[in-house]
Amino acid sequence: MKIVVCMKRVVDTETRVKIAPDGRSIDLGGVQFITAPYDEMAVEKAIQLRDAAGSGEVVVVTVGPEAATKELRTALAMGADRALHVVDESARDASSTAAALAAAIEGVGADMVLCGKQATDDDDAAVGPMLAARLGLPCVAFVDGLDVDGGTAKARREIDGEVEHLSVTLPAVFTAQKGLAEARYPGLKGIMAAKKKPLENVAPADAPSLVETTSLELPPARGAMVAIEPTAAGMQQLLTALRNDKKVI
Amino acid sequence: MSNDVLLHVESAHGALKKSALEIATAGRRVADQLGGQLVALVAGSGVDTAPLAAHGVDKVLTVEGAAFDRYTLEAHGAALLAAAEQVAPRAVLLAASVAGKELGAWAAARLDRGLVADAIEVHADGEALVAHKPKYAGKAHATLRVAGPAVVSVRPNAIAPEANAKAGERVALSVTAPEARIRVESVEAPGTKQIELTEADAIVSGGRGMGGPESWNLILDLAEVLGAAHGASRAVCDAGWRPHAEQVGQTGKTVSPKLYIACGISGAIQHLAGMSSSKVIVAVNKDPEAPIFKVSDYGIVGDVHQVLPLLTDAARTFLA
Chain A
1 MKIVVCMKRV
11 VDTETRVKIA
21 PDGRSIDLGG
31 VQFITAPYDE
41 MAVEKAIQLR
51 DAAGSGEVVV
61 VTVGPEAATK
71 ELRTALAMGA
81 DRALHVVDES
91 ARDASSTAAA
101 LAAAIEGVGA
111 DMVLCGKQAT
121 DDDDAAVGPM
131 LAARLGLPCV
141 AFVDGLDVDG
151 GTAKARREID
161 GEVEHLSVTL
171 PAVFTAQKGL
181 AEARYPGLKG
191 IMAAKKKPLE
201 NVAPADAPSL
211 VETTSLELPP
221 ARGAMVAIEP
231 TAAGMQQLLT
241 ALRNDKKVI
Chain B
1 MSNDVLLHVE
11 SAHGALKKSA
21 LEIATAGRRV
31 ADQLGGQLVA
41 LVAGSGVDTA
51 PLAAHGVDKV
61 LTVEGAAFDR
71 YTLEAHGAAL
81 LAAAEQVAPR
91 AVLLAASVAG
101 KELGAWAAAR
111 LDRGLVADAI
121 EVHADGEALV
131 AHKPKYAGKA
141 HATLRVAGPA
151 VVSVRPNAIA
161 PEANAKAGER
171 VALSVTAPEA
181 RIRVESVEAP
191 GTKQIELTEA
201 DAIVSGGRGM
211 GGPESWNLIL
221 DLAEVLGAAH
231 GASRAVCDAG
241 WRPHAEQVGQ
251 TGKTVSPKLY
261 IACGISGAIQ
271 HLAGMSSSKV
281 IVAVNKDPEA
291 PIFKVSDYGI
301 VGDVHQVLPL
311 LTDAARTFLA
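As given, the protein sequences belong to chains A and B, one line each in that order.
Per the working numbering, the very first residue in the first sequence carries number 1; after that it's consecutive.
Per the working numbering, the very first residue in the second sequence carries number 1; after that it's consecutive.
Note that these hints are calculated values from the structure, not bench results.
Note that the Cβ used here is the ideal one computed from N, Cα and C, for glycine as well.
Hints may contain errors.
[As the list claims (entries may be wrong)] List of simulated lysine to any residue pairs, SDA-like, C-alpha gap at most 25 Å:
1) B:Lys279 <-> A:Val17
2) B:Lys279 <-> A:Lys154
3) A:Lys154 <-> B:Ala66
4) B:Lys279 <-> A:Leu218
5) A:Lys246 <-> B:Ala66
6) B:Lys279 <-> A:Gln236
7) A:Lys154 <-> B:Gly227
8) B:Lys279 <-> A:Ala233
[Said to hold, decoys possible] Restraint-style ranges between C-beta atoms, simulated for each label pair:
9) B:Ala239 <-> A:Tyr185: 15 to 25 Å
10) B:Ala147 <-> A:Gly23: 13 to 23 Å
11) B:Glu121 <-> A:Gly23: 12 to 22 Å
12) B:Met1 <-> A:Lys247: 54 to 64 Å
13) B:Arg183 <-> A:Gly54: 25 to 35 Å
14) A:Arg243 <-> B:Glu85: 41 to 51 Å
15) B:Thr176 <-> A:Gln32: 36 to 46 Å
16) B:Ala12 <-> A:Arg82: 35 to 45 Å
17) A:Ile19 <-> B:Arg170: 28 to 38 Å
[What the hints assert, rightly or not] Stretches of chain B that chain A covers, calculated by requiring three or more beta carbons in the stretch to come under 8 Å of a beta carbon on chain A:
18) 23 to 36
19) 154 to 164
20) 273 to 282
21) 285 to 296
22) 303 to 316
So here's chain B without its partners, still in its complex pose:
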């Protein structure tokens, strides 16, 4: 085994995802600690890999072909196994996205490696890999140690990209995709231009205190002005006011944006668990005793129907 670190990098339509530079930054640090190289696997045609070279990647393995352009576990799994065989890395890093969690777990089992999923920090300690990750949806933080070869998926937004110019030399890797048992039949673009909750820098979320689905324009307006994604509490999704895909919490999505604005959300334990690792939390609630204020950096005691239009207007001017 080498002391190298292998990244599985995600891209869409020829462009790297934001997470690519986050895992490159984490991977560079680990590779330096291990005294190895940082190698990135890019599966998909015509991807501009220059940003990887600018963020610490020594070498880029490119796998091209129509089968790899859109992620499927089978095609990207075959590419990752081929890259792992060539590099024999001590650590494989992926983004803890839907694809990265699925592929990381699958590859860990295929390669018989220890898996840390959804890490928020990772470093090498001698030859071992040590990572921190939230458990119980963030109610506790664990330190995990993998003595042998490891696979680590890194939570989006947890690590800030750092520029670090390296060669990033591109080398083509030839991989034959296996016969597909999983076929993508169709892809629906989202109806609204919703930003993926788990990767959003800012989230505006609404709870029961919004009064009903008819008030959701207040959430959407503020989210639009801030360039934020929008979410909802479990009570709201269970009541059918908003789709389940928007639910933030232990039984929905765990998020850690830079800014989380909770509107009319009282702060049930399972909701707090899903968002309390956000960098800055702002809460608007008319109940001054609401538990959400205990985890908030800024609290506004007031009715969302009055406060949100004020905030949206002020933000529109402020950000103009």
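Just chain A, same shape as in the assembly:
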């Protein structure tokens, strides 16, 4: 069972976002970086599936700056076997990222490619399906359950308030929704072992971004809060305001 997991280094979800002077990106001063949470779930699931199969390999891959080596090492410490690092300092759109990832993993011969459903910065939820399109593989995004039975994967996902159970011919691409797996903390043994695991740098494929970010702003500020008393009269006042002033009920 050979599984490729695509991951992205992103700013911590606890970050208080400030806009950079260029007006098109966020101010990275003092910001902590993490592996995008859904990508971390994908790494965990891949390790579990490999271990359940009893053999195989988990290859983690990222497109990102030199510093993203840290996140790759963390994935290796969790239990991934080797890493591919497409070293690229530029900001790419989803199309460009998917193209670079596709070029990097084309030769790996994966039975399965896992991604997080979305990176928690651009929130596009696009790279997984785009990668599938480029690799000519079937894709099921937003899965919260995944098992392998021979050459077929059984996936579960929530869609339009229903739960779908799908069977998918491998190789295929899946993207991780919350609930797929709970990422483990790497132990000391894992961290030591990770230092010796192969981490290969790959030159980025030439793939232009098709979308340009022309500005980035903080969301519009909300008006002042109206305090409502926790009484029956207060509730009446609230409901009246929601209907007459806000027209939402």
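Given chain A, work out where chain B should sit, using these hints.
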């Protein structure tokens, strides 16, 4: 390439989804700006497409056949590629639902088009498409520009449908679904009649301040009276009080309902990120310093166990 706009419209059991009219409204505006036609692709049998004609659609391409009745990426992807080949649209619009995000991204890659996912506004600027979208789960808003052909998925609830009568002439499009590598084995209807969080008009959400899962009837009762969906904070889902599918926040679902009622939720950054684009926010929390009040339109300082029954009772009478 034409100046037309192509919609991929979602339906279920012969009826259009609410998002269909939202993207039709957005698409009509863009088509008028480009000076093109608005064409809707409806894949699925026996769908009543009259509401599309009433919301600005010039032409409806219908793809019928059992393979298209339930969404799969392969079947609907084949239909969308066939429609795109026929229409050669400058822009393709979809709903930013589970299906629409998956299909939109896949189609953008297949058609080599720029993708804006989860847009809250879209318009044409000359031949380019310009769209606004939240990033960092809404902590920042980006303006994006696609100079070439584009695919845009539009966030549910972001655009209010506007009536605009057009011909909406139906034309059958013949598409052969590829051999399925993805097969839907079974579909479970939800245990409760839960409204999809990302498409709900109103959401009642609970946090740690609810005290425990045994208090959730207070959330469910209020949600039922308001016809709202119900959600939960990360702390609540991580503690196993509620399923992960109900989690609202940066690592759960990003929602933008007309009304969001936060009950016993303190307002961690990652939760605020997932819901602060709601039109109206009401918070109930016993801590007057809770960060949730900073993003709220209406704040009630009090214990959820006392306030929620009062609100539910009042709402029951008010809405009767």
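A quick look at each hint next to the structure:
Taking the CA atoms of B:Lys279 and A:Val17, the gap is near 21 Å; set against the 25 Å cutoff, the hint holds. As the CA atoms of B:Lys279 and A:Lys154 are separated by approximately 39 Å, the hinted pair breaks the 25 Å bound. Simply put, A:Lys154 and B:Ala66 have alpha-carbon atoms about 22 Å apart, close enough for the 25 Å limit, and the pair holds. Taking the CA atoms of B:Lys279 and A:Leu218, the gap is near 16 Å; set against the 25 Å cutoff, the hint holds.
For the proposed pair A:Lys246 and B:Ala66, the alpha carbon gap of about 44 Å is over 25 Å, so the pair is violated. Simply put, B:Lys279 and A:Gln236 have alpha-carbon atoms about 20 Å apart, close enough for the 25 Å limit, and the pair holds. Between the alpha carbons of A:Lys154 and B:Gly227 the distance comes to roughly 34 Å, so the proposed pair goes past 25 Å and is violated. For the hint pairing B:Lys279 with A:Ala233, the CA-to-CA distance comes to about 24 Å; that is within 25 Å, so the pair holds.
Checking the proposed 15 to 25 Å range against B:Ala239 and A:Tyr185 shows it holds: the Cβ atoms sit about 18 Å from each other. Distance hint check: the CB atoms of B:Ala147 and A:Gly23 are about 19 Å apart, consistent with the given range 13 to 23 Å. Between B:Glu121 and A:Gly23 the Cβ separation comes to about 18 Å, which falls inside the hinted range of 12 to 22 Å. As the Cβ distance of B:Met1 to A:Lys247 is approximately 41 Å, the hint placing it in 54 to 64 Å is violated.
Distance hint for B:Arg183 and A:Gly54: a CB-CB separation of about 26 Å, consistent with the stated range 25 to 35 Å. Remark: the range hint 41 to 51 Å for A:Arg243 to B:Glu85 is upheld by a beta-carbon distance near 49 Å. The hint said 36 to 46 Å for the Cβ distance between B:Thr176 and A:Gln32, and at roughly 51 Å that hint is violated. For B:Ala12 paired with A:Arg82, a C-beta distance near 44 Å keeps the hint of 35 to 45 Å intact.
Taking 28 to 38 Å as the suggested C-beta distance range, the pair A:Ile19 and B:Arg170 does not conform, at roughly 47 Å. For a cut-off of 8 Å, the count of residues in the segment 23 to 36 of chain B with a CB near a CB of chain A stands at 0, and the three-residue condition is violated. Evaluation of the coverage hint for the segment 154 to 164 of chain B: breached, as 0 residues show C-beta separations to chain A shorter than 8 Å, against a requirement of three. Given as covered by chain A, the segment 273 to 282 of chain B passes the check, having 7 residues with a CB less than 8 Å from a CB of that chain where 3 are the minimum.
Counting residues of the segment 285 to 296 of chain B whose beta carbon lies closer than 8 Å to any beta carbon of chain A gives 4, which reaches the threshold of three, so the coverage claim holds. Restraint check on the segment 303 to 316 of chain B versus chain A: 8 residues with Cβ-Cβ distances below 8 Å, three needed, restraint holds.
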